[in-house]
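Chemist: All the letters of the sequence shown, read from the start, carry residue numbers 707 to 852 under our numbering.
Incorrect hints may appear among the rest.
Stated by the list, open to error - Okay, the calculated beta carbon distance ranges per label pair: (1) E817 with D727: 32 to 40 Å; (2) K754 with T805: 21 to 29 Å; (3) P831 with A732: 21 to 29 Å; (4) H768 with D712: 27 to 35 Å; (5) T837 with K806: 28 to 36 Å; (6) D739 with V771: 31 to 39 Å; (7) E807 with T837: 30 to 38 Å; (8) K783 with R824: 21 to 29 Å; (9) A833 with Y714: 31 to 39 Å.
As the list claims (entries may be wrong) - With a straight-line Cα cutoff of 27 Å, these simulated BS3-like cross-link-like pairs (lysine-lysine) come out: (10) K838 with K728; (11) K842 with K796; (12) K754 with K796.
These aren't lab readings, by the way, just hints derived from the structure by calculation.
No experiment lies behind these values; they were computed from the predicted model shown.
Note that beta-carbon positions come from the ideal geometry of N, C-alpha and C, so glycine has one too.
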Amino acid sequence: MTSHSDEYAPSTAEWVRNQVDKVTEAGTTEAVDIMGMKVVLLTMRGAKSGKIRKVPLMRVEHNGVYAAVASLGGAPKNPVWYYNLKADPKLTLQDADVTKEYVAREIESAEYDEWWTRAVAAYPPYAEYQTKTSRKIPLFVLDPIK
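Build out the structure end to end from the sequences listed, making use of the hints.
Modeler: What follows is the structure, given as structure tokens:
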């Protein structure tokens, strides 16, 4: 029997469950895309449940470092996974068929501006999402665990 802490809890969003299932079956994130653009798969611990959570996000990468954009399509609130990373910043990220461990840190100021430009370049709808919401869309940089 698996312990509670290693139990995987699928997303309540059908499209997320479908994408996670496809990646898991194929063994690579190349099996899915969002609007024809590449995604990465983040695996983290749920802040409230303590269970394993998986979420596909747009691939925003620069020199082997990744960013996670908490856009929720420009919704007025942060996505649930934002609070998961704030509670426990350790995660794994799968890009194609490579999975590594990272630590997420929320960024601000000049570092934020630099990564926001990269995020919009990787996925142009982010710019539109920011105009839909009064909150500043949070950005995490995912530093690899050496």
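Chemist: Confirm or reject the claim that K783 and R824 have a C-beta distance inside 21 to 29 Å.
Modeler: 24 Å, holds
Chemist: Indicate whether the distance between the beta carbons of K754 and T805 respects the range 21 to 29 Å.
Modeler: 25 Å, holds
Chemist: Between K754 and K796, does the CA-CA distance stay at or below 27 Å?
Modeler: 15 Å, holds
Chemist: Check the following: the C-beta atoms of P831 and A732 are separated by a distance inside 21 to 29 Å.
Modeler: 25 Å, holds
Chemist: Do H768 and D712 keep their Cβ atoms within the hinted range of 27 to 35 Å?
Modeler: This hint holds: roughly 32 Å between Cβ atoms.
Chemist: May I ask you to test the hint 28 to 36 Å on the CB atoms belonging to T837 and K806?
Modeler: 34 Å, holds
Chemist: Would the pair K838 and K728 pass a check requiring their Cα atoms to be no farther apart than 27 Å?
Modeler: 30 Å, violated
Chemist: Range first: 31 to 39 Å. Now tell me if the beta carbons of A833 and Y714 are that far apart.
Modeler: This hint holds: roughly 34 Å between Cβ atoms.
Chemist: Look at the Cβ atoms of D739 and V771 and judge whether their distance stays inside 31 to 39 Å.
Modeler: 22 Å, violated
Chemist: Between K842 and K796, does the CA-CA distance stay at or below 27 Å?
Modeler: Given that 27 Å is the threshold and the Cα spacing comes to 23 Å, the pair holds.
Chemist: Between E807 and T837, does the C-beta distance stay in 30 to 38 Å?
Modeler: 35 Å, holds
Chemist: Range first: 32 to 40 Å. Now tell me if the beta carbons of E817 and D727 are that far apart.
Modeler: 35 Å, holds
Checked against the numbered hints above, the structure violates hints 6, 10; every other hint is satisfied.
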